[in-house]
Structure formats: C-alpha cells, structure tokens
Amino acid sequence: MASTPRTQLGYPFDGGSILRRAKRLRRESAERTGLVPLRIAILGGWTTQETATLLELFLLDQGFRPEIHQSEYNKFFEDAVLDSGALEAFRPQIVYLHVGVANLQHTPPVSANKAEFEAALAAELARFEEIWSSLHSKLGCTIIQNNFELPLDPLGNHGASAYGGRRHFVSRLNVELAERARLDKRLLVHDVCTLAARIGADRWFDPHRWFAYKIWLTPDADAALAYSLATQMSAIVGRARKCLVLDLDNTLWGGVIGDEGVEKIRLGRETPEAEAFTAFQEFCLSLQKRGILLAVCSKNDEAIARQGFAHPDSVLALEHFSAFRANWEPKSETIESIAEELNIGLESLVFVDDNPAEREIVRAQLPMVAVPEVGSDVSRFPEILVAAGYFETTGLSAEDLSRSSMYAAEAARSHSQAKYSSYGEYLRDLDMKAEIASFSATYLDRITQLINKTNQFNLTTRRYTHAEVAACITDERTITLYGRLTDKFGDNGLISVVIGRIRNSSVDIELWLMSCRVLKRDMERAMLDALVERALAAGAEQLHGVYLRSEKNALVADHYRQLGFDCVERTEDGGRSAWVLNLSDHYEKKNRYIAVNEIPAS
Amino acid sequence: MNILERVQPIFQDVLDDPSLRVERASSAESVEGWDSLAHINLIASIEKEFGIQFALGELSELKNVGEMIDLMERKLIRK
Numbered sequence: 030m031a032s033t034p035r036t037q038l039g040y041p042f043d044g045g046s047i048l049r050r051a052k053r054l055r056r057e058s059a060e061r062t063g064l065v066p067l068r069i070a071i072l073g074g075w076t077t078q079e080t081a082t083l084l085e086l087f088l089l090d091q092g093f094r095p096e097i098h099q100s101e102y103n104k105f106f107e108d109a110v111l112d113s114g115a116l117e118a119f120r121p122q123i124v125y126l127h128v129g130v131a132n133l134q135h136t137p138p139v140s141a142n143k144a145e146f147e148a149a150l151a152a153e154l155a156r157f158e159e160i161w162s163s164l165h166s167k168l169g170c171t172i173i174q175n176n177f178e179l180p181l182d183p184l185g186n187h188g189a190s191a192y193g194g195r196r197h198f199v200s201r202l203n204v205e206l207a208e209r210a211r212l213d214k215r216l217l218v219h220d221v222c223t224l225a226a227r228i229g230a231d232r233w234f235d236p237h238r239w240f241a242y243k244i245w246l247t248p249d250a251d252a253a254l255a256y257s258l259a260t261q262m263s264a265i266v267g268r269a270r271k272c273l274v275l276d277l278d279n280t281l282w283g284g285v286i287g288d289e290g291v292e293k294i295r296l297g298r299e300t301p302e303a304e305a306f307t308a309f310q311e312f313c314l315s316l317q318k319r320g321i322l323l324a325v326c327s328k329n330d331e332a333i334a335r336q337g338f339a340h341p342d343s344v345l346a347l348e349h350f351s352a353f354r355a356n357w358e359p360k361s362e363t364i365e366s367i368a369e370e371l372n373i374g375l376e377s378l379v380f381v382d383d384n385p386a387e388r389e390i391v392r393a394q395l396p397m398v399a400v401p402e403v404g405s406d407v408s409r410f411p412e413i414l415v416a417a418g419y420f421e422t423t424g425l426s427a428e429d430l431s432r433s434s435m436y437a438a439e440a441a442r443s444h445s446q447a448k449y450s451s452y453g454e455y456l457r458d459l460d461m462k463a464e465i466a467s468f469s470a471t472y473l474d475r476i477t478q479l480i481n482k483t484n485q486f487n488l489t490t491r492r493y494t495h496a497e498v499a500a501c502i503t504d505e506r507t508i509t510l511y512g513r514l515t516d517k518f519g520d521n522g523l524i525s526v527v528i529g530r531i532r533n534s535s536v537d538i539e540l541w542l543m544s545c546r547v548l549k550r551d552m553e554r555a556m557l558d559a560l561v562e563r564a565l566a567a568g569a570e571q572l573h574g575v576y577l578r579s580e581k582n583a584l585v586a587d588h589y590r591q592l593g594f595d596c597v598e599r600t601e602d603g604g605r606s607a608w609v610l611n612l613s614d615h616y617e618k619k620n621r622y623i624a625v626n627e628i629p630a631s
Numbered sequence: 008m009n010i011l012e013r014v015q016p017i018f019q020d021v022l023d024d025p026s027l028r029v030e031r032a033s034s035a036e037s038v039e040g041w042d043s044l045a046h047i048n049l050i051a052s053i054e055k056e057f058g059i060q061f062a063l064g065e066l067s068e069l070k071n072v073g074e075m076i077d078l079m080e081r082k083l084i085r086k
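As they're listed, the protein sequences go chains R and B. If you read the first sequence in this note's numbering, its first letter stands for residue 30, the second for the next number, and so on. If you read the second sequence in this note's numbering, its first letter stands for residue 8, the second for the next number, and so on.
Misleading hints may appear alongside valid ones.
Claimed, not checked - Derived lysine-lysine pairs resembling DSS-like cross-links, with alpha carbons at most 27 angstroms apart:
no.	chain 1	residue 1	chain 2	residue 2
1	R	K143	R	K104
2	R	K214	R	K167
3	R	K243	B	K82
4	R	K214	R	K271
5	R	K462	R	K549
6	R	K482	R	K293
7	B	K82	R	K517
8	R	K482	R	K581
9	R	K52	B	K86
10	R	K318	R	K243
11	B	K70	R	K243
12	R	K549	R	K581
13	R	K517	R	K581
14	R	K243	B	K55
Since the hints were made in silico from the structure, they are not lab data.
Extracted from the complex, chain R is given alone in its bound form (with noise of 0.2 angstroms):
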C-alpha cells in the first residue's frame, strides 16, 4: 500500500510484527528475480530457527536468495568439529556461530583467584579454537562468531572486576575474541555485545522462552540480532552501501537557504539547533573519511545551494562531495542521475532527507535506495544511520567470496518496479487538501511573515507591511488569496499568497508567492482556479501578470508561461516580463491532483 511509511524490512523495524507476518513476508519476497544465492550455515548453542526465520527475510529484503542450514539443537561444537558431514556436504559460504554466555563451559567459581581465572579463559578460547580452526581446514569460509552479552552477575558490581566476576570473566573473553579476530581475516566477530546494550539487558532476554522453548532471545531482540548480521554478511560478500546522498535544507543546515540567505542558516555553536547541524556535518565527513561517497540532492538554485558551503562554520565543503545537484526535478530522478554519474547502482545509495513527502517518493519510485525513516530531528540522524548498518565494513574476505561474485545490480535494477507509475500517480496518492480563501483577520500575521520572507518562489517579491496586507482585506477592489495545504504526511501550513488588483476589466496580479516546499504540488494551479474564479466574479475579462527578477527568483521565470499566459512584453534581459491570460474563452481548471475548500469571498 503506497501510504505505508516504511517498508516492513527496512531500518528501522517492528520485530513482532514481522514475526507475525514471517510467513507473508517470506513468501513475497521469495518471488522476486535477481536475488544472489547465499548459502549460511548457524551453528547455534540453542533453538535457531526464529533467528534463521528473520535473517532469511531481512537478506531477502537486501537482495539475497538465502538458503539456509542449522545444526541440531545445540550441537554447534559437534557439527564443527566431530560430526561435520552434513556441514561439508553444504558447503556454506559463511558460517555463523550463534552462541552466547549459556553456552559458556568454563566461567570460574565465584572464589576463583588470578589464575583458576585465566586457566578458565584458557580453556573456553581453546573450545572456540578448535571450532575455528576444524571450520577453517574443512570448509576454508568465513566464520562468524557472537561475542558474549554482559551477564547477570551475583557479585553485582564486585563482579565487574573480581576473578570470579561473571561479567569481568566475559569482557575479558570478548578482548580475547577481538585479538584473535584481528589475527583470522577468516573470523569475525558480531557484535553482541553493544547489540544487546543498545536494546536494553530487559528487552534483550527473555526467561519464560528461554525455559519454554530454549530460545534466548525476546522477539525484538532476535529482530535486530538478525538485522544486524544480515548487514554484516552484505558486507563480507561486497553489497554495502558506498554512496550517502543528503538534502540541504533542514538536513545539513537549519534553514530555507534560499528564503533566508547563507547568512541566516543554523550552523556552527551558538544555538543548540546549529549545533545538531554542525554534528551531523560532522558525523558525514566522518564517513567521507573512511570512503563513503557524499553527494547532494536538494530542490535549491544551484548557485545559491552552494553558497551553505562557504558558511564559515560549514563542516563539509564542496570538495567532500562527488556529486552536486541542486534543481527542482523530483528527487527521484535527480537521484537517479547522481547514481550514473558515480556509475555506481542504486542499491549503493542511502538517501536522507527531512521532508517525508521526499523520502516517500524516492522510496517508491526507487526501492532499491535505502531511505531510512529519520524522522525531521537532525540529531537523531547519526545514531539512525548507524544502527540502520547501511556501511557496514570488514575489510576482510570480500576477495574470498569474490569468485561468487556477487554484483547484481543490473538484474536488480531491471526487475525492481517503481511503485508509482507515473509523477500524477505519485501526487494522487499524497492525498492533498488544500483551503483556499481571502485574507482573514486569523491569518495576517503567517500572511505578512510569508510576503516578507519568501524570495525563490515570488513573482516580483514586492514587501508589504502588516498594516498594509490589512487594508487589502477591506479593499473592495482587492482580491486576496490565500492557501492552506495539507497531504498524508500533515499540515503543510499556510504556504501561498496571492494579491491582485481589480482595474476596469482585467485583474493585476500584483503578489504571488507560494513556499518551496510545496512546489510541484499542483499548489499553484489550484491558487489560479481560485483566482480566476473571483476575477470572473468580479466582471474581469483578462489576468495580467508580471514577473520581476531578484536574485533568487529564477524558479518561476516561466510561471506564467507554464499556466498558459502569453507573453506581452519582455525586457531585453529578461529581467522583467509581463503576461496575459483572456478570461473570455472558457476556463477550464487546472488543478488535477489536490481537493479544494473554497471559502467564497465574504
């Protein structure tokens, strides 16, 4: 259904939900073409088949076809070491060690001295050694192993730190793990560890399943344990993302650059709001860093876009980023663009903007883009991002794995279908409501802040003082509009303007604005139907229209043009231009896509 705010598999995600739904969702999923084979093995110390059930569906949301082996009921040891045949037989391309503290078989006694304790954490390393290595010299793949979540401890505090502490037995043996991890381009650890922190220990485990059914995790934990080593087998195979393409406005920066100028965004430490920016800026140089590409992806004047960058308290500069666009094509096609430029497919994209109305539709008409659900909160954004796992990295076996190339961005990209067939389409589906009306004693405050600040999207940016916007309401010879607009994401606001004076038989547009918000909405027709109606009304035969440039308002150079006046007179540089649309032959509506409460001139 188009007017679901996420996909059910995306970051970030309902683990009850999706178990509830397991069924459906796998059945979906498992009819798409071009997903890339991948054969895991989980070796687990309990019952693994909720978890293989959810990490099936998230690889298959990523693009796999995973198939899938598991052990017997907590034989993780024998099947890698004794009885490996039927692993062999598999031949997996990973296999996943799913263990945990339950599984440990040498936690020293609670008396224990220094060396009953390192005797201790000898002797499990040498338990997991030897699974290691059987794994190694029988299937030479890569091996995935669950370091260990911090314990219930009975010494409460004193166990952090005394031998026989539970927990300082367990953080010791995730040091140990990380060491040997480091040395084994073949082993990886899956960070449980800071997984179940970041659930919280009470969301994390379960006893009642746990007694019941031997399962250690509550289902919003095995979720996103599964979610998590989904993203890290994307990474060992080569399928992370490579490329993050940000917005501007209200993303890098606090601010309409184009309304209120470089000088007024939110940027640097004076404010906390400019403080969020200047983290997030900060937070994608650091991905920079590590080689992820930036590219933007803003409706803005590319000459004024540019201009935040040369922000003094700007983070990022135009040098960080491989791809720069700044225009008023749907964002969906200008991303699309920056994918080719980069030459890099889709599904390499991760796309964050503020604007739900944005990230609806790039996720519809590109679902291969991954478009997390950030929300309009900038400070959330770096925590979203990395839990959402897009850039995961091991910089390890992707060469061992390469041979199975797993590249199928071609196969992806032609069997994906755009949820929306056509621009209309998409519009239809934002539901919009608009309520047109003349200037109300409620509303001339937003009215005389939107005449005074808008610059990109206003016709001759003529300024008006409040006092002045009141007279025109008691103006008889004054039409005043008006508009509100609201779709399924909520109340867009106030956002248009228009004022036009009525002289003999024609009606001077003298104002028309509207925020760029709402821009290629059908917004601006749907104030003509309403203008055109009254000027009707009012026995006017023709609209004359102007168009002033500024610096900022080269957006609406062909307003006029587009709603079909003809041009009567233009100034040899175009600066000013005047336009005429004949009322006289029949009007006929303009407005296709948003629902009109026309509130009769009173």
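Starting from the structure of chain R, add chain B where the hints point.
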C-alpha cells in the same frame, strides 16, 4: 469485540491464511500449519496484542482455542 474475534487476524497472519477461522474447539491437531514454531509465534503475538503474559506451564495444559480464550479472559479481567 470478543476475544475469539480478536484472535482471528493473529491466527490468519501467523499461519498466512486470510480465510482461516478458528473456533473454540480448534487445536494444533485440527488447524493446518499450527506446528511448534507457529505456536511460539502465536503466543508472542497474542501476548503483544493483548498486553498479557502467560505464566510458565500455563499453556501446556490447554486443549484447544476455547480454553486458551478462557485463560486470556481471566488475565484480562485481572489487569
């Protein structure tokens, strides 16, 4: 809505059968696909949907959907 009606969509989702209808007499033996894994999933989904928790051992004694619903009713009253 009574509990029997409220559990229908859960059974339909977990067993992936939109036309499925369970009755009080339905049980794991009589409903296709209700295996041990589906059972775990059903219980987790019911606990989440109704905001209740089954105690250890409570479920193993139930013979059919009707008995489960009676147990849920007692839990919901106590909430």
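| query | Within a Cα-Cα threshold of 27 angstroms, do R/K214 and R/K167 meet the stated pairing? | reply | At roughly 16 angstroms apart (the allowed maximum being 27 angstroms), R/K167 and R/K214 satisfy the hint.
| query | Given the hint that R/K517 pairs with R/K581, does the C-alpha gap stay at or below 27 angstroms? | reply | violated, 30 angstroms
| message | Against the 27 angstroms threshold, does the CA-CA distance of R/K482 and R/K581 hold or violate the hint? | response | Distance ~12 angstroms between R/K482 and R/K581 Cα, so the pair holds.
| Has the given pair, B/K70 with R/K243, been kept, meaning a C-alpha gap of at most 27 angstroms? | OK: B/K70 and R/K243 at ~22 angstroms, within 27 angstroms.
| said: Need the status of pair R/K143, R/K104: alpha-carbon distance at most 27 angstroms? | reply: violated, 31 angstroms
| request: Below or equal to 27 angstroms on CA atoms is what counts here, so check R/K549 against R/K581. | output: holds, 18 angstroms
| Hinted pair R/K482 and R/K293, Cα distance within 27 angstroms | OK: R/K482 and R/K293 at ~12 angstroms, within 27 angstroms.
| Taking 27 angstroms as the top limit, are the C-alpha atoms of R/K214 and R/K271 close enough? | holds, 22 angstroms
| Pairwise hint evaluation, R/K517 against B/K82, where the allowed Cα distance is 27 angstroms at most | violated, 38 angstroms
| message | For a C-alpha distance cap of 27 angstroms, please report whether R/K462 and R/K549 respect it. | response | This hinted pair holds, its Cα atoms lying about 15 angstroms apart.
| request: Assess, step by step, whether the Cα of R/K318 is no farther than 27 angstroms from the Cα of R/K243, and give holds or violated. | output: violated, 44 angstroms
| query | Are the Cα positions of R/K52 and B/K86 separated by 27 angstroms at most? | reply | Distance ~32 angstroms between R/K52 and B/K86 Cα, so the pair is violated.
Checked against the numbered hints above, the structure violates hints 1, 7, 9, 10, 13; every other hint is satisfied.
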